[in-house]
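K.L.:
For the sequence shown, position 168 (counting from the first letter as 1) is numbered 168 according to the numbering used here, and the numbering increases by one without interruption.
Calculated directly from the structure, the hints in this document are not laboratory data. Virtual Cβ for every residue (Gly too), placed ideally from N, Cα, C. There's no promise every hint is true.
[What the hints assert, rightly or not] The following label-pair restraints were derived from C-beta to C-beta distances: (1) H39 <-> L63: 21 to 29 Å; (2) Q90 <-> E146: 17 to 25 Å; (3) A161 <-> R94: 26 to 34 Å; (4) A75 <-> L239: 18 to 26 Å; (5) W89 <-> A232: 45 to 53 Å; (6) S203 <-> G102: 39 to 47 Å; (7) E210 <-> G102: 39 to 47 Å; (8) T235 <-> S130: 32 to 40 Å; (9) V28 <-> G238: 13 to 21 Å; (10) W125 <-> R58: 25 to 33 Å; (11) L63 <-> L215: 45 to 53 Å; (12) R70 <-> A231: 29 to 37 Å; (13) F24 <-> L234: 22 to 30 Å.
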Amino acid sequence: MTGSVASVPRQLTGVLVERVVRRFGDRVVLDRLDLRIDHQELVVLLGPSGCGKSTLLRLLAGLDKPDGGRIEVPAKRAVVFQADRLLPWQRVLRNVTLGLHGADADDRARRALREVGLQGREKAWPKELSGGEAQRVALARALVSEPELVLLDEPFAALDAITRVRMHDLVRDLRRVHAASMLLVTHDVDEAIALADRIVVMSGGRIGTEHRVQLPAAEREAGTAREELRAALLTDLGLASRH
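Please model the complete structure; the sequences and the hints are all you need to start from.
P.N.:
This is the structure we're talking about:
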């Protein structure tokens, strides 16, 4: 028995995952998993390597199919991976216009580059970009088509700590402009707290626990409530100190 992936109309934007199963040989990676993402919600999928986070993201992106269950996703989706996946033989502007149609493609791409702080870099080659700049281009390329769902597969994992914080600020700014639902896959507890409306912890191929994050931006960086949430997440991940 195979599962189904359906695109849903605009008024039903968001994500619905019902009892989804994905196997690789005898190994069950996703075991009757349920998940919902509301319209314009940013959900962080948190868990250790190998727990099925990226497998679920690939299913939502349409890059793989479930063996059972049902997935409903918006038709307009975009993915940002850990590797920027820029075409080295194309300049920055052409990397962003990739797949766009219409006479206004260049204008839309320039606007997207302005949104990520890369105005003036349209003619640069990918090899001339820093890691943070390359991921900004990848974000611009994802958002230029105005997707209803943005899937982020550990896109900041390879960046240094300072650049990663700047990218978190950028994501928060972009959310004010783009009315998209977002799913961020990460194994970084601090990143989850910094960005999420809701944090979902995976365990055993299913959703283990969920935490709604209602902290203002300043309290996501420091404070008692943040530390309590961080301790709870570490406990969920089996990483709480035994001392």
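K.L.:
So, for every hint listed, does it hold in this structure?
P.N.:
So, going through the hints one by one against the coordinates:
no. : hint                      : in the structure
1   : H39 <-> L63: 21 to 29 Å   : 23 Å, holds
2   : Q90 <-> E146: 17 to 25 Å  : 22 Å, holds
3   : A161 <-> R94: 26 to 34 Å  : 31 Å, holds
4   : A75 <-> L239: 18 to 26 Å  : 38 Å, violated
5   : W89 <-> A232: 45 to 53 Å  : 47 Å, holds
6   : S203 <-> G102: 39 to 47 Å : 45 Å, holds
7   : E210 <-> G102: 39 to 47 Å : 40 Å, holds
8   : T235 <-> S130: 32 to 40 Å : 36 Å, holds
9   : V28 <-> G238: 13 to 21 Å  : 20 Å, holds
10  : W125 <-> R58: 25 to 33 Å  : 29 Å, holds
11  : L63 <-> L215: 45 to 53 Å  : 33 Å, violated
12  : R70 <-> A231: 29 to 37 Å  : 35 Å, holds
13  : F24 <-> L234: 22 to 30 Å  : 29 Å, holds
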